Each structure stands twice: as C-alpha cells, then as structure tokens.
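**Q** Protein chains in written order, with the numbering used here: chain A, 1 to 121; chain B, 1001 to 1121; chain C, 2001 to 2121; chain D, 3001 to 3121.
A hint or two may mislead.
As the list claims (entries may be wrong) - One side only, chain C facing chain D, incomplete, derived with CB under 7 Å:
(1) V2024
(2) C2030
(3) D2065
(4) S2102
(5) A2110
(6) L2113
(7) M2114
Derived from the structure by calculation, the hints contain no laboratory data.
Bear in mind that the values here come from a model prediction, so they are computed numbers and not experimental data.
Beta carbons are placed, not taken as given, at the ideal position from N, Cα and C, and that holds for glycine.
If you want the building blocks of each chain, they are given just below.
There are 4 protein chains.
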Amino acid sequence: MSDALRRWYIPDAFIPEESTAPAVSHESICVLNPTDDDAHVVITVYFADKEPERSDVVVVPARRDIHMRTIIPEQVGGLRLASGVPYGIQVEADADVQVQYSRLDSTQAAYTLMTAMPQPQ
Amino acid sequence: MSDALRRWYIPDAFIPEESTAPAVSHESICVLNPTDDDAHVVITVYFADKEPERSDVVVVPARRDIHMRTIIPEQVGGLRLASGVPYGIQVEADADVQVQYSRLDSTQAAYTLMTAMPQPQ
Amino acid sequence: MSDALRRWYIPDAFIPEESTAPAVSHESICVLNPTDDDAHVVITVYFADKEPERSDVVVVPARRDIHMRTIIPEQVGGLRLASGVPYGIQVEADADVQVQYSRLDSTQAAYTLMTAMPQPQ
Amino acid sequence: MSDALRRWYIPDAFIPEESTAPAVSHESICVLNPTDDDAHVVITVYFADKEPERSDVVVVPARRDIHMRTIIPEQVGGLRLASGVPYGIQVEADADVQVQYSRLDSTQAAYTLMTAMPQPQ
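Using the sequences and the hints, build the whole thing.
**A** As structure tokens, then:
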C-alpha cells in the first residue's frame, strides 16, 4: 500500500443472525474503480470491546465494480466476521475508488434494505 | 460533452430479478437540473468481470427533474442492463445538476426502499 | 431572504398514492436549526414536464427541529403537491441549518423507510 | 471538551412507539473512533416546541466502535427520550471520529431499516 491512502468509514456495520430463505441476510462493501490502475484495498474492522482486525489486501481491478459480502471471508481479505455483533468498518485504498455500504436484512421474510455512501477522509 | 464535467458514482447498483405485482422492482437515477441550461448526461456502467459500457447522451432540460429507470433502455441512453447482476454506475454531466440513486425491491410483496446521495467528484 | 443563501437538493421526491392504515405514506423534509437566529426557508419543487413551483417562507425558529410533511400544505409554505408524481426538491435557507429527507411508504402494510442527507451547495 | 470540536447533525430522529417482538424499534447513533485517543462525545437533542437538552459526556475509547441506542439513557449520556416525538440530534466530539445514524422500525412485524451518514461541520 502506498502512502497516498484514502479512507472511508462505516460506523454502523452488523450481520444479522437470522435469514429467511431464499434471501440471505448480508452486508456488502461495494467498490467501484473507474481508474485505469488496479486498486489495493484493506479493510479494518472495529469492535466495542476488543482491538481492531485487519484484512489482507483485496485487489479491485481497473475499470471494475466489486460487491464484497462481509460474511464470505474470501471476499473481504480473509476476515472472519461473526453475525449478531455490532462493529464498524474502515476501507483503505491506494487509488481514487468509490465506496458504498449496503445491508439486506432478511430476519423477516419481507426483507429490508439500507445503504450509506461515506465520503473519503 | 464539454470539458467541465462533473461525475457522481453509485458503487452498489443492482436490478432485482423478481417482482411482486403491482410494484415492479426497479432502480432510479434521479437528476435535478435547477439551472437555466439543458444538461447533457452520460451514464457509464461498470461490472465485476467485463469492460464498462457507455450510454448515449440523455438531455435533462433546464429547470426539470427526471427519474430514469435503469430497466428502461430509452430512459438511460440506450443501455440494456440485465437483472440479477451486481454493477456500478458513473453519471457525468456538463451542468451543475444534482444526482440521487434509489432502489425499490419488490422481490417480497412488502417491498423495501433504499436511497443514496453521492457527492460530485 | 438574504443573499447568503444555502441550498440543498433532493432529486428523488415522491408521495406514494396508497397507504395502509394506520401508517400514512408520506415524505418529510426535516430542518434542524442549531443557531440562535430564526431561519427562513423556501422550498422549490421541480417536475419532469412543467415549470418549478415556489413556496412561501417557512420559519424554523432558533434552536428548533421541524419535520415538515410534504402532503400538508401548511407545513411546506402552501405548496399543494400531488401524490404519484415524481419530482425533486430544493430547500433554501438564510441560516446555517441542517436538512434531511425521509420517506415512509405504506403502500404495503409492512411499510418501508428511506432517508437521504444532502450536502449544502 | 476541548475547543477543537467537530459536529454532526441528524435532523430526522424519531423513536417509533410500537414494536413487534422479538425486534425492538430503536435508533442507533454509531461512533467509530479510529484514533489512538479516547473521544469525548456530547449529544444535544432539538425539538419542535421546547429548548434543547444536552447529555453528559460519553467516552468512546480509542480504536473502538460503539452503537448507542437512543432509548437506553445509559448509552446516550443520561438523556431520557420519549417515543413518538419527532426530534433532531447534534453529536459533538473532540476527536476525529466518524458518525452514522440508523433506525430500525418494527411497528410492523416485517421491520424496516434506514441509515444516514452526516458529514462533520
């Protein structure tokens, strides 16, 4: 990772414990890389009562848009996140990418969506 | 399109595959043009595994507000977007317009809404 | 209204035509005035196919927070807005207030919420 | 609290009066503190028809992420907030934290989520 990092924050992250089939409750960190260079992304997760954890590097290729599900470790740089635990997310990238966070909660059969668009720091 | 372009990004775009009548699942790109000049808008869509696609120019007239449904090619400059495919959106405009993205997902009869307000780059 | 106006925009405004009792479908323009001076707010609404309409001045008193329902003309400076019509909103204020837009859609008994936080221009 | 305060605003705050078990209707003010210093947070709530109320200091420890439920006075610096009352929130902090607001409304069994990401002032 270079020094020219940009950072985005999602203070309200949460993986619901329950799902109603066929929709699986999940969160997505969506990264759009409109540049002509691959972007290197690192995700750090923060908790209420323990030290943060940091992912391996995730590559978002040039001119691609990736939706990473936080419940799938291979999609978030190896992080193994528990459901039912409030936490927060920091996304770092070494390129001028764009970040959005969304949650689908299917605890009830009639699932609900929410989304947030953090500004880079 | 002039050189003085402004750009907005929606990394989390998705057209749900299912709908429950009478509400049709859809996304809208909403553009408000408060200026006294027509705005020329181009939409570029980014995918996980293929090159981006670029729309024809869409005119948003002076002092008008347009809600463009991504599933209707005539409303998004000829783009033919598949449902069930995660993607991302770039909106370019040559005037000082305002952009908002919303999704109505009626996969379940009790549909759900989400909306995001990107900042121009 | 003074010259030192700030403006906020909500490109995706819409009053649903249907409601399921007891929840009434509605939008709210929420204005928080943390200053020690009354704020004077004017709402302009933009449409797809006709000229904008402008409200009378709405006073948001010093140190107060007001949730204005767009379907109640007395709350939005006399504007009479039709349901089922896509439109957009401009909020102008002569003080350093804060603006948020939310929609409750109870077309289905299990209603859905969305909210957006525009940045001042 | 130091002089170098940052402030965030949520004009649309509201605690629904009803809940459907097992999900309790609630709002959360989520604060992520990625710095190596504890942050001191004060919450001020604004109403339509009475003077604002100010909380005691809430400490958000270094490298921690806290989800504060507005209906639990111990989590919001002693504030006792009524349900069913529209209000607005100001968050002040003396460190470079990040703030997000979310609401879960379970008035209907199929609950709905909304979230907003205010920018610091």
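**Q** If a hint holds in the structure, say so; if it does not, say that too.
**A** Verification of the supplied hints:
Nearest Cβ of chain D to the Cβ of V2024/C: about 12 Å, over the 7 Å cut. The hint is violated. Taking 7 Å as the C-beta contact cut-off toward chain D, the hint placing C2030/C at the interface holds, the least distance being around 4 Å. Interface hint status for D2065/C: upheld, as the beta-carbon distance to the closest one in chain D is roughly 3 Å, under 7 Å. Annotation: interface hint on S2102/C holds; nearest CB of chain D at approximately 5 Å, less than 7 Å.
Satisfaction of the interface hint for A2110/C is found here, the shortest Cβ-Cβ separation to chain D being roughly 4 Å, below the 7 Å cut-off. Given hint, L2113/C at the interface with chain D, holds; its Cβ is 4 Å from that chain's nearest Cβ, closer than 7 Å. Checking M2114/C against chain D: minimum C-beta separation of about 6 Å stays under 7 Å; hint holds.
In this structure, the one hint that does not hold is number 1.
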